[in-house]
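Just so you know, the protein sequences line up as chains A and B, in that order. Residue numbering for the first sequence follows the numbering used here, beginning at 1 and increasing consecutively. Residue numbering for the second sequence follows the numbering used here, beginning at 1 and increasing consecutively.
Some hints could be false.
What the hints assert, rightly or not - List of simulated lysine-lysine pairs, BS3-like, C-alpha gap at most 27 Å:
hint	chain 1	residue 1	chain 2	residue 2
1	A	K33	A	K20
2	A	K20	B	K131
3	A	K183	A	K137
4	A	K71	B	K9
5	A	K90	B	K9
6	A	K33	A	K137
7	A	K153	A	K71
8	A	K89	A	K20
9	A	K33	B	K9
What the hints assert, rightly or not - Covered by chain A, per the in silico footprint, the following chain B stretches (three or more residues, Cβ under 8 Å):
hint	stretch
10	7-15
11	72-79
12	105-112
The set of hints was computed from the structure by calculation and includes no laboratory data. Cβ atoms here follow ideal geometry from the backbone N, Cα and C, with glycine treated the same way.
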Amino acid sequence: MDYRAVPDEQLAAQLQAGDKEVFGTFVERYEAKLLRYGTKFLSRTEDIEDIVQEVFVSAYQNIQSFDTSQKFSPWLYRIAHNAYVNALKKNSRLPRVMFDFDTLLSHQAYEDPAAAERDRADMRVIVDKGLEQLAPKYREVVVLYYLEELDYKEIAEVLQVPTGTVGVRLRRAKEALQAAYDKLNITYGE
Amino acid sequence: MENKHNNIKDAVLARINTGEISMRPHVYFTLRLCALACVALLVLAVSIVIFNFILFSVHASGRENLLMFGPRGFASFIQFFPWWLLLIDALLVAGLQYLVRTFQFGYRIPLLYMLAGLLVLTVGLGLFVDKVTPLNDLLEVQAHGGHLPPGVGNFFDHARRPPRPEEGVCRCTVVSIAGNTIVAEDHNFGTTTLVTIVLPPNEAQATTSGLRVGDNIFVVGDEDGGVIHAFGVRRDDIGNKR
């Protein structure tokens, strides 16, 4: 059966009902995205395939916890986020903080779709050059927004932080990228 | 790259088809959510009971009187306040916010707002339990009868006891008044002790005015050789009701 036109959420409902065959479609749809997300977020290529495989295994095992009235992609990215964070912790590259100051207060987050599209187009070209200069929490939000093209609300669901925090992290990430580009004498935003 | 992708897909599907991995049933997630909610409610209940006990112990032991005795009384109040119980309560509230953040609605609320909300909830319900419900009196009666578990029982059994006279605090009954000296009986800690209280000549917060033999009083001062040089004396209404 051809599932290409079937939305993720409908496929998830079929999977929950016991149609195991549809899971292959999920893997086809998301494996390239998750490999790219993992490679950029973890700044490495080794073991990524193993981690992504475990992400799909975990998604399959926990599919009954997915609410089909919600979007599927943030749910899957959330599983991937947890797997990548665990991989970072395993390699002691992530500071063990009790809480994140970015989530302390409420921040205004306004997303202008037209400006966002222009910004995305500019950033996609240059984001690779300075990504490694960013702390993981900023690197991840840049990858999800500019490369995976998730919106603020979806990123908030993936990272489980308030939507305003996504805006704050993105702004700080861009400032840090700008500083990194200045240091490397790379032209920013053009 | 395409080959690698097929490897992931094939590997995952093979593990599914051989039964190596299987879906967790929906009931597993429902039960986990219920268990989490129960733990969160339990932590909330314990934090409310602890805050309620802090309020109860402060007024039942008469320590709230210290706040009427000016800066020195306030300093004594700070000294005798059960800070360690407040610390435990704060840790419980911090743990509670961690639990609440695991729910879908929880992470959407900024941390500071959630902590403030949980503190207001704990303090508000703690005040409500202390001021409106008879829970503390019931628990105290149960504690006196030895019907509560040892930890909780000890707390409520000793809630009315103020610090010892050696610490300059006395909750006692007036035996005699002569000039600026009061002799009083302290009935705490299972024994009756006579305590001499010397009042300063001109101190509005430490005067014999209005005191009579038989009155229960709350006294705070500097203890020296069995004599309390008081800087605060007050009729103890709670003590009188006992």
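Going through the hints against the structure:
1. K33(A) with K20(A): Measuring from Cα to Cα gives roughly 22 Å; hence the hint holds.
2. K20(A) with K131(B): violated, 59 Å
3. K183(A) with K137(A): With a Cα-Cα distance of about 21 Å, the restraint between K183(A) and K137(A) holds, given a limit of 27 Å.
4. K71(A) with K9(B): It holds: about 22 Å lies between the C-alpha atoms, which stays within 27 Å.
5. K90(A) with K9(B): holds, 25 Å
6. K33(A) with K137(A): holds, 19 Å
7. K153(A) with K71(A): holds, 11 Å
8. K89(A) with K20(A): Violated, at about 33 Å.
9. K33(A) with K9(B): This hinted pair holds, its Cα atoms lying about 14 Å apart.
10. 7-15: Holds: 7 residues of the stretch 7-15 of chain B have a Cβ under 8 Å from chain A.
11. 72-79: Contact hint for the stretch 72-79 of chain B vs chain A: violated, 0 residues under 8 Å.
12. 105-112: holds (count 6)
Of the numbered hints listed earlier, those contradicted by the structure are 2, 8 and 11.
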